[in-house]
Amino acid sequence: MIPLQPPRRLIDVEIDGETVRVPEGSTILDACAAAGKDIPTLCYGDTLTPKNACRVCVVEVEGARTLAPACSRKAEKGMKVGTDTERARQSRKVVLELLGSSVDMSTTPRAAEWVEEYDADPARFGDDAATVEQPAKVDNELYVRDYSKCIMCYKCVDACGDQWQNTFAIGVAGRGFDTTISTEFDAPLTDSACVYCGNCVEVCPTGALSFKTEFDMRAEGTWDESKQTETTTICSYCGVGCNLTLHVQDNKIVKVTSPHDNPVTKGNLCVKGRFGYGYV
Amino acid sequence: MDLRFRGAEPSEEERAAVDALLGPPASAWDGGSRTEADLRFAARAEAARDQLLPALHAVNDRVGWISEGALEYICRRLTIPPAEAYGVATFYALFSMKERPKRVLHVCTDLACQAKGAESVRRRVEDHFGPAGTSWHESPCLGMCERAPAALALEAGTPPVAQVYAPATPDTITTMAEAPPSSNGSTPSVKVTGETPERAAVPQAGQDGLLLLRRIGTVDPASLDDYRAAGGYTALRRAFDLGPAGVIREVLESGLVGRGGAAFPTGRKWDATARQPDHPHYLVCNADESEPGTFKDRVIMEGDPYALVEAMTIAAYATGCAKGYLYIRGEYPRAVARLQHAIATARARGLLGDDILGKGLSFDIELRRGAGAYICGEETAIFNSIEGQRGEPRSKPPFPVEKGLFGKPTVVNNVETLVNVLPILERGAQAYAAAEPKLFCVSGAVERPGVYELTFGATLRELLDLSGTTGTTRAVLLGGAAGAFVTDLDIPLTFEGTRAAGATLGSGVVLVIDDGVDLKSLLLRIAEFFRDESCGQCVPCRVGTVRQEEALHRLSRRVDDDDLVLLREVGQTMRDASICGLGQTAWNAVESAIDRLGVFR
Amino acid sequence: MSYDRLTHPLVRENGVLRRASWEEALERAAEGFRRNVAKHGPNCFAMLSCARSTNEMNYVGQKFTRVVIGTNNVDSCNRTCHAPSVAGLSAVFGSGGGTSSYQEVEDTDVIVMWGSAARNAHPIFFQHVLKGIRKGARMFAVDPRRTGTAQWADLWLGLNVGTDIPLAHAVAREIIHSGLHNEAFIERATIGFEEFKESVEPWTLSAAEQVTGVPAAAIRELAHAYARADRAQLCWTLGITEHHNATDNVRALINLSLLTGHVGRYGSGLSPLRGQNNVQGGGDMGAIPNRLPGFQDILDPDIRARFESAWGRPIQPEYGHNLTEMLEAMAEGEVTTCYLIGENPVQSEADSLACVKRLSMLDHLVVQDIFLTKTAQMADVVLPASAAWCEADGTFTNSERRVQRVRKALEPPGEARDDIWIMCEIARRLGHDWAYDGAEEVWDELRALSPQHTGMTYQRLADLQGIQWPCPSEDELEPPYLHGRLWENDPSKRGMPAPFAVLRHSPPVDLLDDEYPLRLTTGRRLDSYNTGVQSSGFASPLRRGETIELCPEDAERLGLTEGEEVRITSRRGSVTAPVYIDPALRPGLVFMTFHFPDEVDTNSLTIEATDPLSGTAEFKAAAVRVEKLVKAG
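The listed protein sequences derive, respectively, from chains W, V and Z. When we follow numbering that gives the first Met the number 0, the leftmost residue of the first sequence carries the number 0, and every step to the right adds one. When we follow numbering that gives the first Met the number 0, the leftmost residue of the second sequence carries the number 0, and every step to the right adds one. When we follow numbering that gives the first Met the number 0, the leftmost residue of the third sequence carries the number 0, and every step to the right adds one.
If a hint is listed, it holds; no wrong ones were tucked in.
Using C-beta positions, here's what the derived DEER-type ranges look like:
id, chain 1, residue 1, chain 2, residue 2, range
1, W, GLY62, Z, ARG459, 44 to 54 Å
2, V, ALA433, W, THR130, 50 to 60 Å
3, V, GLU401, Z, MET495, 44 to 54 Å
4, V, ALA434, W, ASP185, 54 to 64 Å
5, Z, ARG18, W, SER147, 44 to 54 Å
6, V, ARG600, W, GLY77, 43 to 53 Å
7, W, THR228, Z, ARG459, 20 to 30 Å
8, W, GLU140, Z, THR6, 23 to 33 Å
9, V, LYS101, Z, ARG227, 50 to 60 Å
10, W, LYS73, V, ARG267, 14 to 24 Å
11, V, LYS395, W, SER105, 30 to 40 Å
Lysine to aspartate or glutamate pairs mimicking EDC-like chemistry, simulated, CA-CA at most 16 Å apart:
id, chain 1, residue 1, chain 2, residue 2
12, Z, LYS130, W, ASP161
13, W, LYS265, Z, GLU105
14, Z, LYS134, W, ASP161
15, W, LYS251, Z, GLU410
16, W, LYS73, V, GLU401
17, W, LYS92, V, GLU568
18, V, LYS395, W, GLU75
19, V, LYS322, V, GLU365
20, V, LYS97, W, ASP185
21, Z, LYS407, W, GLU229
22, Z, LYS407, W, ASP249
23, Z, LYS130, Z, GLU105
To be clear, the hints were calculated from the coordinates, so they are not data collected in a lab. All C-beta atoms, glycine included, are put in the ideal place defined by N, C-alpha and C.
So that you can see chain W by itself, here it is in the shape it has in the complex:
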């Protein structure tokens, strides 16, 4: 028979003074969602193990020496969490400034909104502040890697690696500010282990990885999300039954994603499902 899920205990957590009840094992972020709090996140991915690298989701946990990343820290019974304390806001502000001053966040959803909300000023570090600016890597016809937009969230590496695709075409190389996402010896993708599943593109939170169609349309100024529709259908390339969400602009498919909560794909596709739409 179908095994039952192990029973989950419920625990009470205090979020900004309000008590919420969540299953044991939930993160603070889960508890915040239950309490209706909107915590900014960048490196968090709903299909991936939290990496808590960006630190934009930090909250203040009573009794803790440092701030805690909401995305990965497990909620504990009786924990008192402040999501909007001066210290947490200040850290988020500076983290947004540090990111905004070093990375091109122009295509990061909600980034501009948060910069305003937290009164962040990325320009304060001056014109000479070091950035990760570099030319976009366009080495194949399917997707583009524009690492001047990369915040080093590790999500692409996790999606390519042991969490989903298990292809391991890319890794994190170097150290410190010079850390990059890289193939071995920085080889072009076409000479790497990449199988073009695009599952890295699916999880990229900033647009550093994008469909070549999107990259080109943005370059020529025709990319317009307000004119796009999203329709979820089923891939026709094999019998597995992967769910595709087709992003259509002017009756053309401009991008393909997959629902992250789908039992078949969990947000993942292969090269045919993701990019093989050219014939329609």
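Guided by the hints, dock chains V and Z onto chain W, whose structure is given.
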């Protein structure tokens, strides 16, 4: 795994270096030649990711750099994706992925050496060898601060050679010493030249009443018999009498706290690990001593290596570990050689391995070398490094006692902490607690730099009276780059005392700054150190350390209040929101210099 | 090459296809059918329905065949891949679907991938396998080549092509002799064990090693791991089914599950992986010659009566022709007209030249497709259709029997029209005034007739992200695995016992000899699909065109270097292709795909030796020789 390779082939030498470590390949699928049987069935290779760092060392030691062919061969042997192995190899400063000369000189330009004229050595090297980057590098602290300024040349070969220049002078730095012949005919893993006797680092050597330093300079560090004649292995015998729970009780009652900087009670850590139902348990000795100005662990390992082996055995016995890893920083060739010898001889005498001393204890130690990454001294980064991952800290919780090395309960202690267990068991917890010893690494503007052992409670002034000072003491950097500057010499050198003074004992660094030192350039060096050693994982540290250094550059040219505010905000965010201690402390010294020394007033 | 979409109807005039209006094309299509049926009776008509199109289209297609024409001659391309799985599974369990769901692969203890290169051919299914491996499952790969799948295995067994039955028998014998068979399950839920036991007795480990080439110890390890596992999944693909004795191969694997009780429980089961998006659904919808919608047997009078009363027309009480029989009947002149929807047999069938010849003997061929394929170029009428998966509404059924919604995202190009609209228009011209107000109306008609789909309203399919059949109730869901009944204590609930099959080893028909010394096997690559018609439309950086892949030792022996163009010759045909050296192969074994038929017609080499039970051809085993090209002059 269906790995994809780009087809680069290893040279014979590279292949031999890897095979010497791993043995010959088992099948065609992991790098051997194709046999008929290989084409009919294949079993999954045993997971051996943790051999990645040793394999990279093997190639780097023999050839001097890691070519794509060598990396691919390592990946085939260990079933590791090349992109991941590349990411690991590029994490460590001692590895090069580009061809370079076999001999590479590392010139320390860090705090203690800077205070002792490293700049003139550096300039001479630059004149002689050209710009830094291939045949020589500027190095973070080499842990030879008592002989500052220091340099270390590493030359690939069979065996590799390490030549120490300490103190280095502009005249000697360009000379190469002939490696001494091996004394017993065997090939050591590394030949070390240019070293000085161990006792030179211990001004108190031979004095009565020392607990931790008593054997250094008086006992042959290569002789197990000498060690036993000097009281060695009485503590382990005592431990067997007490039983594991009894050992933990003694350590708890002794009040011993970790000497790595965080000052967590060692007994509690051991107790928590021992109680974990998940198995196996691991012991990790953190000998990745890299905090600028720190060299006490090196001195212990070089001068009294068996003490560490014995202490690890006791820790393993108490906490139920069958396997211990001793992770020594890569820039400590003599410590590596001494401990390799100590472990091998202890094993030969039944003091490691199965049924130690006939008491049924099974325990062995595997020595691992770091490869030039300060962050690997962080207690969870060290796990990742041993496992063959990038040495990035993990987020806590879960804590190591619960999920540590290979995801198993792990007790991780640094060298000084562990060797304190010997006098605790020899003397009993109460006698130990009555006169608890602490080691200090005294360097900078002093007459007799070196490792000093004092009883907790002595003041900074008493320590400096022992070492003597030179020039006019302006400030003392306590605790290293992650510590703070103090000017009050009467603060008691205890965890509480230093904390009350807004500083930290940290790793026991006492770097004396006289008025001849350029504080601004010292701060810049600190900022550069953190920027250089940040692993890059979290934003506050990765970008924050860069912004801190940039602001300090601006401030050393022109003091600007906005930049001071900026430094403070960035510093506070690094402290509040970084994943690990590196980012959390990267602003400490700068903050104290601004607030207490008025450096940018 | 890449194909352009068809944007308007075409009709043949004076031997060439020219543009036509919809009215003219539909009229011509209907007229040809009418004429032939009037002359020869309904069984001169054959429909090939599209395994890539929706369930709704397939339902209407088979209904068109049975109601408008009045024959059971309807089949689809699952003949070329998975008919043996359906035949084998339904013979044993009464139902042709895979018994397990993807999630169970993640939760199982042992996974056997037998003749399945899922890493490349079914990448997202393989992600579930990888999850299972990461959670501690042991995986075994049985494949002549050391594929990407095999490289993930705990143990890879590189058997000789076409020796699956000896291997399975040796595994079975080892399990029995080690006392690891599940006696309780065998006793309560199966029949024929004694005969089976006797039949595998000759297949000792060493006898199997002789025939399969796999060392005895490896066979033993597989046997013990599979039998000892608390849960085990047995998955296969075309490596099992594209053989002349494919149904026997499938039965040999099913035997192992019966022997160990690895079926009918959560985490234990049998998973054939489907090659096309709706192969499962096409069969479920009755677009096969022996079943009515809901996989209901056409010979059952009660079932037939229900459909006859719903459709208002008698149904022939006999099986129609399957694809292979249709092609033969064309050669015999019995089938004279064919309505071919979204199929490209000229390039997908083994022995493609023979197929061209047979199609060319038809009096009237109507092809409905989105491209002007090689097959469409032979048609009398070409009808431009919409692409089912993105230009139509409906449902597909995947390999885990999950029915999922397909939604229209794009307008079809030019005058291309929806499949169902086209069929209804032809039906109307043949006297059946059909009209469906959208796919949901078709689906609801099907739900009323097929108990296993009854509970699947469109709304529920959307809410639950698909539902696995059977789903007889709108209020409940069944377990994700099939045949739990076999474990029931009450014999009346247990139903029909599952029979063991007594099988004989039959080596590949195309024998190796001095003239044709190399075994050619075929398969799929990650970035390409079947005959390449769809997948040629995107610029895959992985694509390297057709090659003949051989092992380093053979390349050296033949003096070949990578990239060199060589001639590959079988007893049926000859092609040239560049050499690609692949260490995953061993001496004597060469590999090609069939993705690039316009450049290299691999199927002119393959043999049309078909499985008598399911009609699937032996794509996986041809005998060839490889020769250096001699430069002219």
